[in-house]
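Undergrad: Assemble the whole structure, with the sequences as input and the hints as a guide.
Top line first, the protein sequences correspond to chains D and G. Residue 329 in the working numbering sits at position 329 of the first sequence; the count goes up by one each step and never skips. Residue 97 in the working numbering sits at position 97 of the second sequence; the count goes up by one each step and never skips.
Among these hints, one or two may not hold up.
Dumping the calculated DSSO-like pairs for lysine-lysine here, alpha-carbon to alpha-carbon at most 30 Å [stated by the list, open to error]:
| # | chain 1 | residue 1 | chain 2 | residue 2 |
| --- | --- | --- | --- | --- |
| 1 | D | K179 | D | K57 |
| 2 | G | K200 | G | K212 |
| 3 | D | K255 | D | K179 |
| 4 | D | K57 | D | K33 |
| 5 | D | K227 | D | K243 |
| 6 | G | K139 | D | K227 |
| 7 | D | K179 | D | K227 |
| 8 | D | K232 | G | K130 |
| 9 | G | K212 | G | K191 |
| 10 | D | K48 | D | K217 |
| 11 | G | K114 | D | K217 |
| 12 | G | K114 | G | K130 |
| 13 | G | K139 | D | K255 |
| 14 | G | K191 | D | K227 |
| 15 | D | K255 | G | K130 |
| 16 | D | K255 | G | K114 |
| 17 | D | K255 | D | K227 |
| 18 | D | K33 | D | K3 |
| 19 | D | K48 | D | K155 |
| 20 | G | K130 | D | K227 |
| 21 | D | K232 | G | K114 |
| 22 | D | K227 | D | K248 |
| 23 | D | K243 | D | K232 |
| 24 | D | K33 | D | K278 |
| 25 | D | K155 | D | K217 |
| 26 | D | K179 | D | K48 |
| 27 | D | K217 | D | K179 |
So these bits of chain G aren't anywhere near chain D, every CB distance computed over 12 Å [to be verified]:
| # | residue |
| --- | --- |
| 28 | D26 |
| 29 | E98 |
| 30 | Y117 |
| 31 | K130 |
| 32 | H141 |
| 33 | F159 |
| 34 | F173 |
| 35 | R176 |
| 36 | N209 |
| 37 | T215 |
| 38 | R216 |
| 39 | R220 |
| 40 | A224 |
Since the hints were derived computationally from the structure, they do not count as laboratory data. For each residue, glycine too, the CB sits at the ideal point set by N, CA and C.
Spelled out from the first residue to the last, the chains are:
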Amino acid sequence: MSKPTLVVGGGPAGLAAAQALASVGRDCILVDKADRLGGAPILSGYAKLVPSGEWAKDAIGGMVERVAANPRIDVRLNTTVSAFDGNPGAFRATLASGDQLDVGAAILCTGFTHFDSVNKPEWGFGTFPDVVTTTQVEQMISSGQGVRCPSDGRKPERVAILLCVGSRDRQIGREWCSKVCCTVSANLAMEIREELPDCHVYIYYMDIRTFGLYETKYYWRSQEEFKVKYIKARIAEVTSDGKRIIVKGEDTLVKRPITIPFDMVVHAIGMDPNVDNKQLAQVFGIDLESHGYIDRGNTYSASGHSSRPGVFVAGAATGPETIDDSIAQGSAAAIASLGYTAVAV
Amino acid sequence: MPIHEEHLIRPENLVTHEQLVIDGVDVSGHWSTFIESRVVTDYNEALQDEIAALPGGEQIHRCWQCGSCTNSCTVNAINPDFNPRYWIYLIRMGMESELLRDRDIIWQCVSCNKCTYACPRDVFPEGVMKATAHWLELKGHTPKSPSMHFDEEFAGQVFATGRIEEGRIIRGFFARTGQALMQDWLVEMVKRLLRHLPVKLIVTMGLANVLKPRTRGWGRARAAIEEYVHEREQVQRRALGLDALVKAAASELDQPARGAQP
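TA: Printed below as a string of structure tokens:
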């Protein structure tokens with residue numbers, strides 16, 4: 001007999017880890033603080049995913065269904081882990097609900113927290129209703145409502161997407177690149193142009209990081225097929241003339257200040273470390289790296305290790321991560337954990 | 001009041017009122033000097049569409065401003081103000097007034113097509129330059145260029161007769177561009193032709209100048225070509241918002257409208 005594995009967090013990485021464990025005949029307990037599985041793509045109502053183009057509710061929803069239907073996976077919702085003691089192969093986890101679980105290993109798939117745009121007040125979020133986040137636009141699309149200005153429900157004729165909101169910004173202590181926002185924004189820009197062909201979409205960037213194969217599928221395609229315009233400018237301020245939103249900055253390619261009116265401004269918000277990371281670090285006795293994400297052990301000996309033997313980590317808990325890579329890391333961490341849950345016969 | 005680093009300011013942006021009194025205070029002359037804002041306050045989304053509607057400009061929206069075109073440009077090497085990358089950007093963002101500042105150098109493109117081969121995105125910058133020069137002419141921002149005169153003379157003769165006669169083309173081109181027919185090099189060339197060409201050929205050429213022979217059965221081809229050319233011109237004018245001129249052009253096909261303001 002082997003001991004079960006504790007998987008914390010039921011997003012893409014956690015779902016993949018649980019599924020992988022069950023597929024090799026191991027029991028696992030999947031804990032999530034939310035009232036349902038799926039993580040950010042489901043809880044935040046993402047629309048079509050990069051790069052598959054599948055709706056989040058179908059793609060991640062399918063993973064949730066497979067996990068929920070698997071008898072080897074014991075799903076515990078609305079709860080968190082409050083204590084985690086013992087040694088590799090023989091841990092005891094205490095849940096907030098009071099349950100005590102004997103597990104051989106734990107995989108932390110605790111994800112990230114969306115950047116709260118209120119922390120960049122100069123960009124107008126919270127002040128002007130037509131300044132929204134990429135997550136809100138995802139929700140407009142996934143709900144079927146369509147992209148509309150929140151102030152009066154009109155179809156926007158001109159949309160600005162500001163990249164690096166809550167990323168690459170020492171002013172607010174966020175020095176990392178959130179990795180996915182460029183691609184997500186290009187994807188959203190194309191979806192906006194598809195729904196509203198008369199709406200012009202401008203993306204304000206410092207650098208474009210649609211890495212790897214996303215280059216053609218998102219960066220190039222958004223320009224070549226959808227005529228999305230990219231402007232190299234870090235926006236200084238978002239204000240309003242009472243009718244439309246005014247975006248101010250410097251167009252660095254013509255070396256001139258710009259004050260351009262828009263109907264809607266979208267913040268491409270980044271990935272913060274999960275707000276619970278300090279507590280998680282304390283409970284599980286693990287280290288965080290300098291930005292506040294969960295620190296990883298040596299990648300070359302075995303993947304998915306944290307600083308504590310027997311405790312593994314996967315997905316955006318370790319830093320900004322794509323959904324596909326989170327899924328791969330969840331599976332990899334599950335494989336790496338097998339040695340800790342096996343009992344010698 | 002003296003302005004430091006005045007050379008950095010465009011002269012037309014410096015405004016001074018010779019006679020100005022504000023609230024009873026005389027601020028005439030340099031006391032009233034102010035600098036007009038150079039802020040870009042809006043994008044004109046029509047400009048890119050207009051250039052894209054002209055032959056060569058179709059792929060302009062692909063540009064991501066890498067600068068390969070400018071870097072490879074033959075003319076830029078001689079005139080640093082000749083910057084295709086910059087103009088493509090102005091067109092894409094609709095900064096028309098900025099583009100017009102360079103109206104007198106945009107036509108200088110020599111069509112070497114080095115940019116065409118350097119461009120990583122197949123924007124076809126040489127085509128964009130051609131389309132932009134064409135746009136400037138159609139909108140009346142620049143006079144018709146000599147090469148446009150030549151093209152029109154050449155094409156006009158083909159349309160009319162189904163063939164070309166070099167002597168007539170040169171005469172027509174010189175007339176259109178206000179050049180004297182008796183130019184030293186031309187006189188010298190004709191002299192040598194007369195000296196070396198077979199008499200029969202000289203007679204044929206001379207007769208062709210006088211008789212204006214046509215290709216047999218050219219009438220139907222001519223009608224079809226003219227219909228197509230007219231159709232293309234109308235499409236372009238409509239795309240450029242020159243609708244009023246479309247009507248005018250319909251009545252005077254042989255004299256394409258010029259000098260129109262949008």
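Undergrad: Next step is simple, just say for each hint if it's right about the structure.
TA: Here is what the structure says about each hint:
With a C-alpha separation of about 22 Å, the suggested pair K179 of chain D and K57 of chain D falls inside the 30 Å cut-off, and the hint holds. A distance of roughly 17 Å separates the Cα atoms of K200 of chain G and K212 of chain G; the hinted pair therefore holds under the 30 Å criterion. The hinted pair formed by K255 of chain D and K179 of chain D meets the criterion: a straight-line CA distance of about 28 Å does not exceed 30 Å. Straight-line distance between C-alpha atoms of K57 of chain D and K33 of chain D comes to about 19 Å, which keeps the hinted pair within the 30 Å bound.
At roughly 26 Å between alpha-carbon atoms, K227 of chain D and K243 of chain D fall within 30 Å of each other, so this suggested pair holds. With a C-alpha separation of about 24 Å, the suggested pair K139 of chain G and K227 of chain D falls inside the 30 Å cut-off, and the hint holds. Pair hint K179 of chain D plus K227 of chain D holds up; C-alpha atoms about 23 Å apart against a cutoff of 30 Å. Using a Cα cut-off of 30 Å, the hinted pair K232 of chain D and K130 of chain G holds, with the two alpha carbons roughly 26 Å apart.
With a C-alpha separation of about 23 Å, the suggested pair K212 of chain G and K191 of chain G falls inside the 30 Å cut-off, and the hint holds. Taking the CA atoms of K48 of chain D and K217 of chain D, the gap is about 14 Å. The hint holds against a cut of 30 Å. Annotation: proposed proximity of K114 of chain G to K217 of chain D holds, straight-line Cα distance about 28 Å (limit 30 Å). For the hint linking K114 of chain G to K130 of chain G, the alpha-carbon distance of about 14 Å falls within 30 Å, and the restraint holds.
Note on K139 of chain G and K255 of chain D: the hinted pairing holds, with a Cα-Cα distance of about 27 Å set against a maximum of 30 Å. Between K191 of chain G and K227 of chain D the alpha-carbon distance is near 58 Å, which puts this suggested pair outside the 30 Å criterion. Between K255 of chain D and K130 of chain G, the direct Cα distance comes to roughly 26 Å. Compliance with the 30 Å bound is thereby established for this hinted pair. A hinted pair counts as satisfied when its Cα atoms are at most 30 Å apart, and K255 of chain D with K114 of chain G qualifies at roughly 27 Å.
Proposed proximity of K255 of chain D and K227 of chain D is supported: the alpha carbons are some 23 Å apart, at most 30 Å. Between K33 of chain D and K3 of chain D the CA atoms are separated by roughly 23 Å; this keeps the pair inside 30 Å, and the hint holds. A hinted pair counts as satisfied when its Cα atoms are at most 30 Å apart, and K48 of chain D with K155 of chain D qualifies at roughly 20 Å. For the hint linking K130 of chain G to K227 of chain D, the alpha-carbon distance of about 21 Å falls within 30 Å, and the restraint holds.
As the CA atoms of K232 of chain D and K114 of chain G are separated by approximately 26 Å, the hinted pair is consistent with the 30 Å bound. A hinted pair counts as satisfied when its Cα atoms are at most 30 Å apart, and K227 of chain D with K248 of chain D qualifies at roughly 22 Å. Annotation: proposed proximity of K243 of chain D to K232 of chain D holds, straight-line Cα distance about 26 Å (limit 30 Å). For the hint pairing K33 of chain D with K278 of chain D, the CA-to-CA distance comes to about 16 Å; that is within 30 Å, so the pair holds.
At most 30 Å may separate the alpha-carbon atoms for a hinted pair to count; K155 of chain D and K217 of chain D meet this at roughly 26 Å. This hinted pair checks out: K179 of chain D and K48 of chain D have alpha carbons roughly 17 Å apart, not beyond 30 Å. Taking the CA atoms of K217 of chain D and K179 of chain D, the gap is near 16 Å; set against the 30 Å cutoff, the hint holds. Every CB of chain D lies more than 12 Å from the CB of D26 of chain G, the least distance being 32 Å, so the non-interface label holds.
For E98 of chain G, the requirement that its beta carbon stay farther than 12 Å from each beta carbon of chain D is not met, with the minimum near 7 Å. Once the 12 Å rule is applied to beta carbons, Y117 of chain G is consistent with being away from chain D; the minimum gap is 19 Å. Under the 12 Å C-beta cut-off, the non-interface status given to K130 of chain G relative to chain D holds; the minimum distance is some 21 Å. With a least CB separation of 20 Å from chain D, H141 of chain G remains clear of the 12 Å interface cut-off, as annotated.
Remark: the non-interface label on F159 of chain G is consistent with the geometry, its nearest Cβ contact in chain D lying 36 Å away (cut-off 12 Å). Distance check for F173 of chain G against chain D: the nearest CB is about 39 Å away, which clears 12 Å, and the non-interface claim stands. At roughly 37 Å from the closest C-beta of chain D, the C-beta of R176 of chain G stays outside 12 Å, upholding its exclusion from the interface. Every CB of chain D is more than 12 Å from the CB of N209 of chain G (nearest about 51 Å), matching its label as outside the interface.
A cut-off of 12 Å between C-beta atoms confirms that T215 of chain G is not in contact with chain D; the least separation is 43 Å. The claim that R216 of chain G lies off the interface holds: its Cβ sits roughly 48 Å from the closest Cβ of chain D, which is beyond the 12 Å cut-off. Annotated as non-interface, R220 of chain G keeps its C-beta farther than 12 Å from every C-beta of chain D; the closest such distance is 41 Å. Against the 12 Å criterion, A224 of chain G stays outside the reach of chain D, whose nearest CB is about 34 Å from its own CB.
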